[in-house]
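S.K.: One rule links them: number in my numbering = place in the sequence shown (from 1) + 309.
No lab work stands behind these hints, which were simulated from the structure alone. By construction, the Cβ of each residue, glycine as well, lies at the ideal position given by its N, Cα and C atoms. Do not rely on the hints blindly, as some may be mistaken.
Said to hold, decoys possible - FRET-style restraints, in silico, Cβ to Cβ:
hint: 1; residue 1: 666; residue 2: 355; range: 53 to 61 Å
hint: 2; residue 1: 450; residue 2: 331; range: 16 to 24 Å
hint: 3; residue 1: 617; residue 2: 557; range: 19 to 27 Å
hint: 4; residue 1: 673; residue 2: 331; range: 27 to 35 Å
hint: 5; residue 1: 673; residue 2: 615; range: 16 to 24 Å
hint: 6; residue 1: 482; residue 2: 394; range: 19 to 27 Å
hint: 7; residue 1: 521; residue 2: 350; range: 30 to 38 Å
hint: 8; residue 1: 350; residue 2: 691; range: 45 to 53 Å
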Amino acid sequence: MKSDFTATSQSSEFALMDYLERLAPRKNDRIALVCHLSRLQPYNRRPHHIRVALNTFENLLGQYEGRMFTMRNSDIVFIGQLASRDKLNEAMIKMRYLFSTDPMMSSRLDDLASATSGFATWYQLDKDYDALMEISRRMYQATQTGQPEHFGERASAERVSINPDQLGWLEDSLGSADLSSLIRNQPICAVAAGKPTPVFHELYVSIADLETQVVPGVDLTGNRWLFQYLTGILDRRMLIYLAEEGERSNRAFSFNMNVATLLSSDFSKFDQRISSGLRGRVVIELQTVDVFSDMAAYMFARDYVMDRGYRLCLDGLTHFTAPFIDRNKLAFDFIKIYWTPAMKNADFERMAMELKNGGEDALSRVILCRCDNEEAIEVGKKIGINLYQGRHIDKLIRDSEPRTNIRPPR
């Protein structure tokens with residue numbers, strides 16, 4: 310199994326160019342697939358999205374003597390020998406569910422892997438080798454001159470991918486660091502008569518702030534394997550933080566974890582440290598693509614955490630995909646649907662009926678997130694949704710907070 314792990318002085322762009330040069334005599338049975346993550350909205354490039362996206366092709370590396378390269382702009386390049394397009398398309402379908410809320414793909418749910426989708430680019434190296442080689446050379450040159458990279462649209466050449474030495478230092482630093490300055494929270498609220506009432510708060514680590522405050526100039530997502538290792542470190546640190554801070558607070562909260570973390574000894578230690586009362590206030594959010602990539606692991610983890618008193622939320626749904634989720638079988642207490650403007654054209658009555666397939670109170674446990682404007686709330690109300698999350702909700706809360714007016718001295 311090969312990855313884009315290279316010497317610390319070599320960028321992913323150099324590694325790709327070097328690999329293609331060495332591949333020239335053996336190029337005829339190879340296929341390359343580029344996934345343009347750089348073209349997604351920033352809210353679709355949060356740590357858990359990137360982590361799951363990178364794992365999507367994991368099994369294909371061994372099957373097709375594959376190599377994978379993660380560009381500095383987050384684009385993923387997969388190159389395999391005698392690779393099956395059907396297998397690669399299956400991986401792309403998982404990508405579809407992960408990123409289906411993105412405006413770039415909301416109208417292309419059935420042709421994500423097509424040549425015209427804008428998200429995927431295919432190269433048959435027996436005839437497209439020269440084109441891919443030229444692009445890789447330009448991308449490497451761009452990293453040397455500070456120009457934008459050419460697979461994607463986001464210039465990031467000014468940042469250097471994290472290397473093993475930096476990761477080791479960062480791991481040591483995070484082991485004793487106070488994460489409170491990096492933890493962000495966003496409330497999930499019930500909204501009645503335009504007034505939001507927090508039900509629980511989602512907590513997460515800000516990768517952007519971690520880069521800025523701790524390792525300025527370093528791209529933490531630039532190396533696939535190192536970033537995956539880093540997310541494991543952050544998961545463990547988040548569990549320690551939650552065990553300490555959660556007991557000091559009376560409010561309910563949620564956090565995003567992957568299924569593998571729930572089955573780890575770190576989560577078991579977290580569970581042993583907290584009280585039964587805190588467990589009842591915790592909502593664990595799981596990404597849709599993570600759940601469906603290994604249903605057996607999810608079912609095992611689900612039974613364990615539910616038996617311990619935690620609640621579960623399925624994150625990453627759209628109004629297109631939500632009706633296909635069997636909430637009774639999967640046993641999710643909440644589901645999150647991402648707001649998109651396309652929802653205003655939906656059949657509201659039909660959508661309400663479909664969202665009730667988890668029981669009579671199922672609709673009351675649907676969260677409409679990414680609500681950035683009043684229109685999202687208006688559409689949600691027409692469907693019968695009561696729980697909301699997003700920047701517009703944050704603004705409503707700020708506006709409702711009492712302000713103290715202090716008169717200046719005369």
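S.K.: Work down the list of hints and note, for each, if the structure agrees.
M.R.: Comparing the hints with the structure gives:
With their beta carbons about 28 Å apart, residue 666 and residue 355 fall outside the hinted range of 53 to 61 Å. A C-beta distance of roughly 19 Å is found between residue 450 and residue 331, which places it inside the suggested range of 16 to 24 Å. The given range of 19 to 27 Å is respected by residue 617 and residue 557, whose C-beta atoms sit roughly 21 Å from each other. Checking the proposed 27 to 35 Å range against residue 673 and residue 331 shows it is violated: the Cβ atoms sit about 58 Å from each other.
Between residue 673 and residue 615 the CB atoms are about 19 Å apart, so this pair conforms to the stated range of 16 to 24 Å. Distance hint for residue 482 and residue 394: a CB-CB separation of about 44 Å, inconsistent with the stated range 19 to 27 Å. Between residue 521 and residue 350 the CB atoms are about 20 Å apart, so this pair departs from the stated range of 30 to 38 Å. Range check, residue 350 to residue 691: Cβ separation about 25 Å, and the 45 to 53 Å hint is violated.
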